[in-house]
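We have chain A already, so just place chain B on it with the hints.
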Amino acid sequence: MKKTLFIVMAMMAMLTACVPFWTHLASPTLVKDPTYSVELPSDWVRRNQTAKGNVAITHDGMGIQSIFIEQNAHAKAFPNLKKSASPTMLPSELAELQLAELKTFPALSNIEVLKNTPQTVSGLPGFRMHMRFKNVKGLTYEFLWLGVVNAKGYYSLNYRAPSIHYFPKHKPDFEKIVDSFRLL
Amino acid sequence: MVTGKFCRRLSLCALLCTLVTAPAIAQKIPAFKNGAAVGQFMDEEDRLWTHAQEFDVAIAKAGHVDPTNSFSSYLQMVTDRLFPEFVGKIKVHVFRSPHLNAFALANGSVYINQGLLARIRNEAQLAALLSHEGSHFVHRHGFANQRSFKRASGFAVGARLLGIPLLGDLLALSSIYGYSRELENDADGAGFQRMQMAGYDAQEGISLFKTLQAEIKAIDAKEPFLFASHPKLQERIENYQKIINGNSARGELAAERYLENSAEIRARNLQTDIAMARYASVISVLENPLERQFYEPTADFYLGEAYRLRGKPGDEKLMAEAYQKATVAAPEFAPTYRAVGIAAMKQGRNDDALAHFQKYLNLQPSATDRDYIEAYAIQLTGESKK
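Protein chains in written order, with this note's numbering: chain A, 1 to 184; chain B, 1001 to 1386.
Simulated from the structure, these hints should not be mistaken for lab results.
Just so you know, not all the hints are guaranteed correct.
As the list claims (entries may be wrong) - Here are the simulated DSBU-like pairs of lysine-lysine, each with C-alpha atoms no more than 35 Å apart in a straight line:
#1 B:Lys1033 - A:Lys82
#2 A:Lys134 - A:Lys171
#3 B:Lys1033 - A:Lys115
#4 A:Lys32 - A:Lys171
#5 B:Lys1325 - B:Lys1217
#6 A:Lys115 - B:Lys1359
#7 A:Lys76 - B:Lys1061
#8 A:Lys76 - A:Lys115
#9 B:Lys1317 - A:Lys76
#10 A:Lys83 - B:Lys1346
#11 A:Lys82 - B:Lys1242
#12 A:Lys83 - A:Lys152
#13 A:Lys52 - B:Lys1312
#14 A:Lys83 - A:Lys52
#15 B:Lys1061 - A:Lys176
#16 A:Lys83 - A:Lys134
#17 B:Lys1061 - A:Lys134
#18 B:Lys1061 - A:Lys82
#19 A:Lys152 - B:Lys1317
#20 B:Lys1217 - B:Lys1317
Unchecked claim - Label-pair ranges, simulated between beta-carbon atoms:
#21 A:Phe105 - B:Arg1257: 35 to 43 Å
#22 B:Glu1383 - A:Met11: 57 to 65 Å
#23 A:Leu30 - B:Gln1053: 48 to 56 Å
#24 B:Ser1073 - A:Lys52: 49 to 57 Å
#25 A:Thr50 - B:Glu1044: 24 to 32 Å
#26 A:Thr50 - B:Lys1061: 27 to 35 Å
Glycine is no exception: its CB is placed at the ideal position from the N, C-alpha and C atoms.
Only chain A is shown next, with the shape it has when bound in the complex:
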């Protein structure tokens, strides 16, 4: 039994290794998840190995710019804080917990909020935070983070890139993604 299990697991590992890690998006691509849909822009590259229902894309490499779309069950919305989200939470409360969750990562403990405003996401009241942090080489990155909660879970869309050149360059693509995001 153990031997069979080992062989099956080894085969699964090998098959997984055969799947390409990245997919180039030659044209705008509609992603349909059971709980949301979103259109990804062309000329970006999508990472294939992500948690179920999540999307990760980059244009020039994850260290240069990245966009993540994530969904979590209410109870797993803020895992490091061990706090839940709920549909009754105010957008400012969601933003507060999201910021605290980010600050639990040592590299982001000094993240600075440049602007924190309410924003409608797929017709629901959500939040939009514009943040900034420096890495250990002193390079400044900016973050745009949008979040919204409904009866099905907590959804976040975020974009990160160095302030110099990349952040403004790819921000319009992120805004298009946000506009196309629909909760189903």
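Okay, now just chain B, sitting in the frame of chain A:
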């Protein structure tokens, strides 16, 4: 065939050998006699020094060092009093973290977390901490530690080549990446002597450890990562007690001087704790009247925020009481009115919420969350009209 059980035993034996030999290695390394001797390196000590300097630069660039100049100057003054022959060689920095921790690098850089500085009650306690961390540098514990770690790493690589499963061993080895128990005890002894020579009350070292121990117990926290390299706090207390036994002479406390210099750090740390949702820590400190007395009246607002974030049954009432105290004790402090307004809004007391939101925006017109409050006010006004 080598069994897994045998491999684990072999790994454990090798690990124990490493741990036992580490202090022996450490004893062969002489301490720096004075500032002039700093820089006369042994073997690969210069490489370690370079790594430490790179670490200094990296954390400064990433903004982890608090640039509060007046307080940093004060910390440096106390350090120089403890280590007069090393003036300019030991440099103290405030590390922007609410966790209760401090650490020294091999090049003489000492970092004390903002959270730990907020818990210190007098200059003698600060001196206990600085003399301990400074002694790690003077006694070259970083170098001693590097040697023992390299031996351990060598074992790890060798074991991996033999195909021995190492995950557990690597975790164990990572805990010795800090200073060993013997080196920590050594720093306690040397630190105690420094405190006495500088005229501080050495008993305060125990008071500080006991304060930390009480808080760690109250918030049910695992000791912070870098504390994992220290003997458990209880052992530290016992060790320190042994060192000071027979030395009943008391020295300077300088409580007022410390509290005056550190007021801003305490206030800032409350903000950091709440921003990082470390509500248990805030409640533990501010529910204790002995601790509460060291904070400004606005601290009641942060206590209310901590109850709100904790959200246990009964916390809503405690939160309201804390906010109420804050509005009385610090009536011009705007964030309390926002918090009371949001609480009222959630309870359906729309008029009360609107009045508090208005007061908040009047007191703080440039509030970063103004857009939210205005949106909530519009929503409430709409509901009231219906």
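Evaluation of the provided hints:
Between Lys1033 of chain B and Lys82 of chain A, the direct Cα distance comes to roughly 49 Å. Violation of the 35 Å bound is thereby established for this hinted pair. Restraint check for Lys134 of chain A and Lys171 of chain A: satisfied, since their Cα atoms lie roughly 19 Å apart, inside the 35 Å limit. For the hint linking Lys1033 of chain B to Lys115 of chain A, the alpha-carbon distance of about 53 Å lies beyond 35 Å, and the restraint is violated. With a CA separation close to 23 Å, the supplied pair Lys32 of chain A and Lys171 of chain A stays within the 35 Å bound.
Under the criterion of a C-alpha separation no larger than 35 Å, the hint pairing Lys1325 of chain B with Lys1217 of chain B is consistent with the structure, at around 27 Å. About 22 Å separates the Cα atoms of Lys115 of chain A and Lys1359 of chain B, which keeps this hinted pair within 35 Å; it holds. The hinted pair formed by Lys76 of chain A and Lys1061 of chain B meets the criterion: a straight-line CA distance of about 33 Å does not exceed 35 Å. Note on Lys76 of chain A and Lys115 of chain A: the hinted pairing holds, with a Cα-Cα distance of about 26 Å set against a maximum of 35 Å.
The suggested pairing of Lys1317 of chain B with Lys76 of chain A holds, with an alpha-carbon distance near 27 Å, which does not exceed 35 Å. The suggested pairing of Lys83 of chain A with Lys1346 of chain B holds, with an alpha-carbon distance near 19 Å, which does not exceed 35 Å. Only pairs whose Cα atoms come within 35 Å are accepted, and Lys82 of chain A paired with Lys1242 of chain B is rejected, the gap being roughly 41 Å. For the hint linking Lys83 of chain A to Lys152 of chain A, the alpha-carbon distance of about 16 Å falls within 35 Å, and the restraint holds.
For the hint pairing Lys52 of chain A with Lys1312 of chain B, the CA-to-CA distance comes to about 32 Å; that is within 35 Å, so the pair holds. Between the alpha carbons of Lys83 of chain A and Lys52 of chain A the distance comes to roughly 21 Å, so the proposed pair stays at or under 35 Å and holds. Taking the CA atoms of Lys1061 of chain B and Lys176 of chain A, the gap is about 33 Å. The hint holds against a cut of 35 Å. Between the alpha carbons of Lys83 of chain A and Lys134 of chain A the distance comes to roughly 27 Å, so the proposed pair stays at or under 35 Å and holds.
In summary, the hint linking Lys1061 of chain B to Lys134 of chain A is supported, as the alpha carbons are separated by about 7 Å, within the 35 Å threshold. Distance hint between Lys1061 of chain B and Lys82 of chain A is fulfilled; the C-alpha atoms sit about 30 Å from each other, no more than 35 Å. Proximity of Lys152 of chain A to Lys1317 of chain B is assessed by CA-CA distance (about 30 Å); at most 35 Å being required, the pair is judged to hold. Using a Cα cut-off of 35 Å, the hinted pair Lys1217 of chain B and Lys1317 of chain B holds, with the two alpha carbons roughly 25 Å apart.
In this structure the hint that Phe105 of chain A and Arg1257 of chain B lie 35 to 43 Å apart at CB holds, the actual value being about 36 Å. For the hinted restraint 57 to 65 Å between Glu1383 of chain B and Met11 of chain A, the CB-CB distance of approximately 60 Å keeps it satisfied. A beta carbon spacing of about 52 Å between Leu30 of chain A and Gln1053 of chain B agrees with the range 48 to 56 Å that was offered as a hint. Between Ser1073 of chain B and Lys52 of chain A the C-beta distance comes to about 54 Å, which sits within the given range of 49 to 57 Å.
Between Thr50 of chain A and Glu1044 of chain B, the C-beta spacing of about 42 Å breaks the proposed range 24 to 32 Å. For the pair Thr50 of chain A and Lys1061 of chain B, the supplied restraint of 27 to 35 Å holds, since their beta-carbon distance comes to about 31 Å.
The earlier numbered hints that this structure contradicts are 1, 3, 11 and 25.
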